[in-house]
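**Q** In case you want the letters, here they are:
Number of protein chains: 2
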Amino acid sequence: MPVYVVGHKSPDTDSVCAAIALADLKSKLGLETVPGVQGELSPESKFVLDKFGVDAPEAVADATDKQVFLVDHSDLSQSLDNLDKGELLGIVDHHKIGDVTTPNPVEVWTWPVGCTCTVLKAMYDFYGVEIPKNIAGIMTCAILSDTVIFKSATCTDADKQAAEALAKVAGLGDLTELGMEMFKVKSAIEGTPVRELVKRDYKNFDMNGNKVGIGQLEVVDLSLLDSVKGDLAKDIQALKDEDSNHSVFLLLTDIMKEGSEMLIVSDDASVVEKAFGVKPVDGKAWLDGVMSRKKQVVPNFEKAFAS
Amino acid sequence: MPVYVVGHKSPDTDSVCAAIALADLKSKLGLETVPGVQGELSPESKFVLDKFGVDAPEAVADATDKQVFLVDHSDLSQSLDNLDKGELLGIVDHHKIGDVTTPNPVEVWTWPVGCTCTVLKAMYDFYGVEIPKNIAGIMTCAILSDTVIFKSATCTDADKQAAEALAKVAGLGDLTELGMEMFKVKSAIEGTPVRELVKRDYKNFDMNGNKVGIGQLEVVDLSLLDSVKGDLAKDIQALKDEDSNHSVFLLLTDIMKEGSEMLIVSDDASVVEKAFGVKPVDGKAWLDGVMSRKKQVVPNFEKAFAS
Chain V
1 MPVYVVGHKS
11 PDTDSVCAAI
21 ALADLKSKLG
31 LETVPGVQGE
41 LSPESKFVLD
51 KFGVDAPEAV
61 ADATDKQVFL
71 VDHSDLSQSL
81 DNLDKGELLG
91 IVDHHKIGDV
101 TTPNPVEVWT
111 WPVGCTCTVL
121 KAMYDFYGVE
131 IPKNIAGIMT
141 CAILSDTVIF
151 KSATCTDADK
161 QAAEALAKVA
171 GLGDLTELGM
181 EMFKVKSAIE
191 GTPVRELVKR
201 DYKNFDMNGN
211 KVGIGQLEVV
221 DLSLLDSVKG
231 DLAKDIQALK
241 DEDSNHSVFL
251 LLTDIMKEGS
261 EMLIVSDDAS
271 VVEKAFGVKP
281 VDGKAWLDGV
291 MSRKKQVVPN
301 FEKAFAS
Chain E
1 MPVYVVGHKS
11 PDTDSVCAAI
21 ALADLKSKLG
31 LETVPGVQGE
41 LSPESKFVLD
51 KFGVDAPEAV
61 ADATDKQVFL
71 VDHSDLSQSL
81 DNLDKGELLG
91 IVDHHKIGDV
101 TTPNPVEVWT
111 WPVGCTCTVL
121 KAMYDFYGVE
131 IPKNIAGIMT
141 CAILSDTVIF
151 KSATCTDADK
161 QAAEALAKVA
171 GLGDLTELGM
181 EMFKVKSAIE
191 GTPVRELVKR
201 DYKNFDMNGN
211 KVGIGQLEVV
221 DLSLLDSVKG
231 DLAKDIQALK
241 DEDSNHSVFL
251 LLTDIMKEGS
261 EMLIVSDDAS
271 VVEKAFGVKP
281 VDGKAWLDGV
291 MSRKKQVVPN
301 FEKAFAS
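Protein chains in written order, with our numbering: chain V, 1 to 307; chain E, 1 to 307.
Read the hints as simulated data drawn from the structure, not as lab findings.
Hints should not be assumed to be uniformly reliable.
Any copy will do: because identical chains look the same in the list, a pair fits if it lies in one copy or spans two.
Claimed, not checked - Derived DSSO-like pairs (lysine-lysine); straight-line CA-CA distance at most 30 Å:
1. K85 / K274
2. K279 / K85
3. K234 / K295
4. K85 / K294
5. K66 / K303
6. K211 / K279
Please model the entire structure based on the sequences and the hints provided.
**A** Rendered as structure tokens:
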């Protein structure tokens with residue numbers, strides 16, 4: 001049985017591309033490894049894989065009796081079911097240290113950078129393994145996606161350098177143009193069911209004992225969402241009820257204006273004011289300059305819930 | 001205020017030398033960083049620092065308002081007090097993934113190798129920073145100590161290669177001879193209070209909700225401990241009572257015979273038979289081939305306590 005590499009639930013482009021890259025690297029280092037994905041590919045991820053002719057990873061949901069590497073997360077709530085019934089071999093990530101633990105020593109590469117594929121570029125270099133042209137292409141796209149074309153607060157010099165080096169391997173031209181092309185795909189909402197939009201990039205967190213869900217939709221212009229905003233607000237209320245959550249927050253991020261409108265349903269909406277100093281009106285708040293769930297939204301909520 | 005690097009409680013030579021090495025590396029990368037140590041240096045660590053003329057790290061016990069890197073552990077029970085009241089910047093380790101979590105992304109380098117200093121050698125190389133001769137010397141000793149002169153089940157090819165490369169930088173000769181010299185210092189017990197022997201390399205674990213302490217004494221010949229074995233057994237009983245532990249185990253490891261005698265006090269000594277298939281007699285059990293707490297003892301107990 002091969003070893004699986006999987007990213008988080010509600011997979012984004014980094015989770016998909018990092019799984020493909022780590023499976024390639026590990027296989028070349030002698031461990032038969034295949035990429036997996038938890039759930040449906042987003043339109044953006046499909047576009048990226050199509051563009052570079054890379055196969056979609058196999059769907060995986062349960063870790064029972066499997067050996068697995070995790071990429072792009074280390075939180076149990078975002079990981080495979082029954083992770084404790086499989087064997088975790090390692091983690092490559094760029095998020096906070098989550099609650100995954102292991103009985104044995106394993107390999108962990110986690111760096112405070114904007115994208116898992118930036119860490120993977122360094123791992124390829126470290127092991128002296130050449131990156132295939134098409135994998136370098138999808139890794140470049142993952143970095144453009146996760147760093148919002150280098151604009152996100154999470155973006156570091158290491159991300160820019162990795163993206164430039166990978167683009168060279170892949171023979172790519174203007175990265176801003178490529179990024180905008182991807183974000184137009186990501187912004188497309190016509191004909192997409194509302195729940196799919198809410199869950200497109202959605203993560204569950206345990207904050208001081210409270211179940212909190214935070215989704216994010218990134219668009220090139222917030223007005224693109226005007227026609228569905230009412231339905232999105234209704235749907236996160238329904239999702240909160242179904243999951244018995246304390247809160248569900250949905251970030252509608254305008255990557256050109258560089259800020260997010262947050263849609264809020266919560267048992268105690270005062271956490272939003274505690275976290276961001278902004279009082280919600282009608283279940284909404286504009287958060288100027290807030291583009292990163294990981295670096296700006298989650299840490300502020302963690303503190304607000306703990307206080 | 002400088003940033004601190006600290007290893008685990010009851011510091012062994014790897015915890016001390018890894019803290020010194022990471023502080024050197026981070027400082028050279030531009031972040032003012034100083035090594036710290038939780039508790040007294042062991043005779044072995046003192047011998048190693050003296051041999052290479054390296055200053056002992058500053059004593060640190062509490063993380064409140066401090067920025068810290070952790071080396072050689074990622075378990076809260078082995079870490080600084082009030083870790084949640086300081087800021088964790090990163091972890092370099094070679095143990096299982098523990099229960100330390102962070103609100104923000106940080107740097108983690110954890111590899112399944114025999115010694116933290118093996119990971120640090122790779123980090124120096126990765127960042128292109130030259131290792132000072134005296135620090136290469138203490139890092140070599142840390143690897144010899146943690147891998148029991150390359151004999152431990154935890155020892156990997158990466159450890160051997162790192163030790164050889166470091167020994168070259170430090171201008172060292174025969175590593176087996178250096179290792180034996182260190183283990184003779186470590187084996188010395190004359191005039192040492194019993195509690196100090198028990199705590200010389202002692203760690204606390206939470207195993208399925210049970211408080212478990214596991215100590216280890218490595219000697220070149222088990223008969224060296226004959227005169228104190230009775231007192232050791234009495235003292236771990238006293239320690240168990242003081243700490244309200246479920247169990248305290250003390251491994252007396254014979255590095256030449258390559259096995260350990262385990263002294264046992266436990267609310268349920270059947271965990272020993274569950275873990276190792278050996279029935280204790282008079283609170284003792286000989287575990288043939290068992291030399292590594294981390295790779296052989298802790299995982300087996302974790303399983304036994306969980307079953």
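**Q** Go through the numbered hints given earlier and state which of them the structure violates, listing their numbers in rising order.
**A** Violated hints: none; all satisfied.
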